[in-house]
Amino acid sequence: MSNLSQVDLPQLASLELVITPPNSIAMRGTIAIPDPGLLLGGCFRRMHEAAIADALRELSVDVRQLTFVNSSAIRLFVDWSSWVANAGGGGYLLRFRTDRRITWQRTSFAVLQSLGGKRIALDVE
Amino acid sequence: MSKVDPFLTRGTAASGAFPAASAALIHVTWDASPDLEQFLGFISAYAKGRFSNSVAERVTLASTELLDNAVRYGSLARDCTYRLAIDGQRVAVSVQNTTMTTRIEMLSAQLKRLESAPEQVYGSELERSMGPSSGRRSMLGLARIRHEAEMRIELDVDGNDVTVRAVCSR
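Chains as they are written, first to last, in the working numbering: chain A, 1 to 125; chain B, 1 to 170.
One chain only, chain A, in its complex shape (with noise of 0.2 angstroms):
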């Protein structure tokens, strides 16, 4: 069994959180709490942890359905961005799957890929 299926999510009214192994994730609904980072920080850190674990080449993260978050989730993804950036020789290319017609997503994933280098990818529906 994969460390990344064994990841405990946590219970968010308005987030679905889905892990497919090997490598996919899927988010859906919104993060509007005003601290995500205490419930969901940790969770993304440990899928983190787990994709290096587990020697993955690449994580897919579908966010397509993830149609509101805040300034405080964003950041989540931008500290899942330096971690896989700063990963080294053992990490992954981090695949974000956004979708265009989300505002949040048009504007902060191309900013996030230039800061990530070449360990974040895109794929824009």
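No lab work stands behind these hints, which were simulated from the structure alone. For clarity, every value in this text was computed on a predicted model and none was experimentally measured. Don't be surprised by glycine CBs; every beta carbon is placed ideally from N, CA and C. A few of these clues could be false.
Label pairs and their computed distance ranges (CB to CB) [to be verified]:
#, chain 1, residue 1, chain 2, residue 2, range
1, A, Asp8, B, Val28, 30 to 38 angstroms
2, A, Asp8, B, Gly88, 50 to 58 angstroms
3, A, Gly89, B, Arg113, 35 to 43 angstroms
4, B, Ser108, A, Gly117, 17 to 25 angstroms
5, A, Glu16, B, Ser33, 50 to 58 angstroms
6, B, Val28, A, Gly89, 47 to 55 angstroms
7, A, Pro22, B, Ser116, 42 to 50 angstroms
8, A, Gln65, B, Ala117, 31 to 39 angstroms
Chain A is fixed; fit chain B onto it per the hints.
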């Protein structure tokens, strides 16, 4: 309000600053820390029923970020007021609260920088978020309102009372 920041309204003199006495659709004042998640859920649903999808998205984003800033950086020793208003073809989300003079000066300077180069400031704020957590008292929320929602931001100051208003066409 006794003072409207002239720099922030100068660039949009043709349309003018949003009148503070405009018709309020929603006006709420809290005397304690508000339940933001519940209130923002209501605002989002209301905006979707009242405006186009595009405007509803903008109203939701501005409401989220302005209230979050007020709770995070303002002083809740006094009331915090939220207002959603219309004036002709314009919609405005405003949040009034009390904060320290130094914080108001910092906010005014940040808004001037944001007004002159919204996309660059947005990018630099995201980049700054990659730093250590101590550097996270950033203006990413305001940058999102200006760059992502493409709303004009006005700042009214009266002593230590500050009103930040995000305005767009409807």
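Hint check results:
| no. | hint | result |
| --- | --- | --- |
| 1 | Asp8/A with Val28/B: 30 to 38 angstroms | holds, 37 angstroms |
| 2 | Asp8/A with Gly88/B: 50 to 58 angstroms | holds, 51 angstroms |
| 3 | Gly89/A with Arg113/B: 35 to 43 angstroms | holds, 39 angstroms |
| 4 | Ser108/B with Gly117/A: 17 to 25 angstroms | violated, 35 angstroms |
| 5 | Glu16/A with Ser33/B: 50 to 58 angstroms | violated, 28 angstroms |
| 6 | Val28/B with Gly89/A: 47 to 55 angstroms | holds, 53 angstroms |
| 7 | Pro22/A with Ser116/B: 42 to 50 angstroms | holds, 47 angstroms |
| 8 | Gln65/A with Ala117/B: 31 to 39 angstroms | holds, 32 angstroms |
The earlier numbered hints that this structure contradicts are 4, 5.
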